[in-house]
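Each protein sequence line maps, in turn, to chains Z and Y. The first sequence maps to residues 0 to 284 in numbering that gives the first Met the number 0. The second sequence maps to residues 0 to 253 in numbering that gives the first Met the number 0.
Bear in mind the hints are in silico, worked out from the structure with no lab data behind them. Warning: the hint list may mix true and false statements.
Computed list of lysine to any residue pairs in SDA-like fashion (alpha-carbon distance at most 25 Å, straight line) [claimed, not checked]:
| no. | chain 1 | residue 1 | chain 2 | residue 2 |
| --- | --- | --- | --- | --- |
| 1 | Y | K142 | Z | V98 |
| 2 | Y | K105 | Y | S81 |
| 3 | Y | K122 | Z | L250 |
| 4 | Y | K105 | Z | F129 |
| 5 | Y | K142 | Z | L191 |
| 6 | Y | K167 | Z | Q179 |
| 7 | Y | K105 | Z | L191 |
| 8 | Y | K142 | Z | P200 |
| 9 | Y | K105 | Z | L137 |
| 10 | Z | K100 | Y | D64 |
| 11 | Y | K105 | Z | L199 |
| 12 | Y | K167 | Z | E272 |
| 13 | Y | K142 | Z | R196 |
| 14 | Y | K91 | Z | Y180 |
| 15 | Z | K100 | Y | S81 |
| 16 | Y | K122 | Z | R196 |
| 17 | Y | K142 | Z | R190 |
| 18 | Y | K105 | Z | R192 |
| 19 | Z | K100 | Y | A54 |
| 20 | Y | K105 | Z | R273 |
| 21 | Y | K105 | Z | E272 |
| 22 | Y | K167 | Z | L264 |
| 23 | Y | K91 | Z | S174 |
| 24 | Y | K105 | Z | S174 |
| 25 | Y | K105 | Z | D176 |
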Amino acid sequence: MKPAPALAEGFPDLSGMRIAREPHWFRWLSAALIVLVLAAIARAFANGQIEWSYVSRFIAAKVILEGIVNTMVMAVLAMALGIFLGIVVAIMRLSPNPVLKTVAAGYTWLFRGTPLILQLLLWFNLALVFPTIGIPGLWSARAVEIMTPFLAALLGLGINQGAYTSEVMRAGMLSVDIGQYEAAQAIGMGRLRALRRIILPQAMRVVIPPLGNEFIGMVKATSLASVIQYPEVLHNAENIYYANSRVIELLIVAGLWYLLVVSILTPLQMLLERRFARGTLRFAR
Amino acid sequence: MTKPLVAIRFVAKNFGEFQALKNVSLDVWPGEVMCLIGASGSGKTTLLRCINQLAVIDSGGIWLDGELLGVREQGGRLHRLSESEIGRQRLKTGMVFQRFNLFPHKTALENIAEGPLQVQGRKAGEVRTEALELLRRVGLSTKANSYPAQLSGGQQQRVAIARALAMKPMLMLFDEPTSALDPELVGEVLAVMKELAKSGMTMMVVTHELGFAREVADRVVYMDQGAIVEQGHASDVLGAPREERTKAFLSAVI
Ligand SMILES: Nc1ncnc2c1ncn2[C@@H]1O[C@H](COP(=O)(O)OP(=O)(O)O)[C@@H](O)[C@H]1O
Ligand SMILES: [Mg+2]
C-alpha cells in the first residue's frame, strides 16, 4: 500500500477564521440621506395648509365608510363580471370556430381601444340613445330608470375589465401543456369539460398574480365611477369638500382608505396562490 | 369467424405537403398484442393518434369494434360525427403517452377516478373501490394520495396506465411508454404491461424495447416513411427480417 501523498506547503488551514463584517459606509450614508428627505417632507406637510384634525375627523365618517363599502362592492362585482367575461372570451378566442374567434377579438379590440371613463359615460347616458329598453311585446322600461349609476358603473367597469382579463386567461390556458388537452380527450372529455376540469385549474396558477394586479387596478378604477354619480369613496369625499372646502384633507382620507384596502389584498392573494399550487410542490401536503 | 377489433383501411394522413401515413391498412385482432417499431418520424405515433382520433385522417377508414370512427356514411357521403359522439367512441380506447400527461393538480387516485366520475358519471363509492384496485394492480397501493410531482417517472407511467384502464377500454394504445424513463425504471412499467397482455387485453404498443416485443408481442409491425414495410410473428420479423429496410433498422437498433 502506498502512503497518502503529503499536502504541499503554503496553503494554511482557514477553517478557524471568521468572515469580517464590512462597514458598508455607502449604505449608512444613503439611509441617512433618505431619512433626512423624509423628515423634510413630513415637516413641510406638518407646517403646510393641512388641518390634520379634519383628516382624523372624517377618516371614519359614516359617508366615507359607506363610500369605501360601495367601492369594494363595485370592485368585487365588476371584477367577477370581468373574470367571467374574460374566461368566456378567452375560450372563444382559442376555439376552432372562426365566428367565435372574430367576435372575441372584436370585443377585446373595442373595449381596450377606448378610454374607460368614456365607456362609463356612454353606459350612463344610454337613455339618450335608447329611451326605452326591453324585449318587444314582453317587457319594457324607461332606460333612465334602469341605467342607474350602479348598473352603469358595473357594466362599464366589468365589460372593460373582461377585455383585459381575457388576454390574461388566454395566456394562462396557453401555458398549460398540450399533452393535458390530449390526456383529457383520451379519457373521453369534450372540449368544455376538459377546459373546466383540467385546463383552467392549471391555468389559474399562472393567472393569479396578474389577476391580483388587475384587481388592485380595479379598486382604484372604481373612482372613475364618481363622474357618473356612483357613491364610491372618492365621490363621497368630493361631496364633503364641496361643502366644507377641505379639499386636501378629504383627498388624503380617500387615499388612506385605498392604501388600506390594497394592503389587505396582497396577503389574500398569497392565500389564493397557495390554494391553486396544489400538486406543484414536490413535498406538498 | 371472429372479426378484427381494429380494421384500418387505406388510411392517409398529411401534415401540409408531408405524408405522415401513406395508404396504411392493418387489422388488430381481439386479444392480440401488436408492437409497432420503426425509426423516429416513420408515423407510428400518428397511426395511434388516428385510432384515438386525436388526429383526423385525410382519407381511408378506421373501424373499431365494427364501428366506423369519426364519420358516418349517409347517402354516399361521409359526415363528420359530433364532438360528443367522438368522445363516446374514444371511450373504447385507452391511451398511454410517452410523457405520461398525468393531471398535475390531482392525486394519483383522482387522476384515475376523473374519467369514470366526470365522463361516465358513475357512483363515487364504486369508482373509488375500482381505482384503488387498479392502483394495487400497478403496484402503487401506497401512493393513492400522492401528486404526480411526488412520484418517479415509472410510478407516474403506471398511474397513467391505471387511468386509461379505469375507462374499461377494449383496446389499449401505448406510445413509447418507457422512452421518457431512466433505464432502471423501464422494467417496472414493462412488467405492468406484460401482466396486462397476459390478462387478454388487446394492445398496440409503439416501442423500442425489442426484448419486450420478442417476449410479449403476437405480431411485430415495422413501419418506415409512413408505410408498413413488414409484419409478422415477432421471432420472424426480429429474428429473420425479409426486407432490406427492416434489416438495416434492426442492425442499427441492436
Ligand atoms: N402535428 C404535426 N404537424 C406536422 N408534422 C407532424 C405533426 N405530427 C407529426 N408530424 C410529422 O409526421 C411524421 C411522423 O411523425 P410520428 O408519427 O410522430 O413519427 P414516430 O412516432 O414514428 O416517430 C414526422 O415526420 C413528423 O415530423
Ligand atoms: Mg412517436
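So which of those numbered hints doesn't the model satisfy?
Per hint list: 1, 2, 3, 4, 5, 9, 10, 12, 17, 22 and 23 violated.
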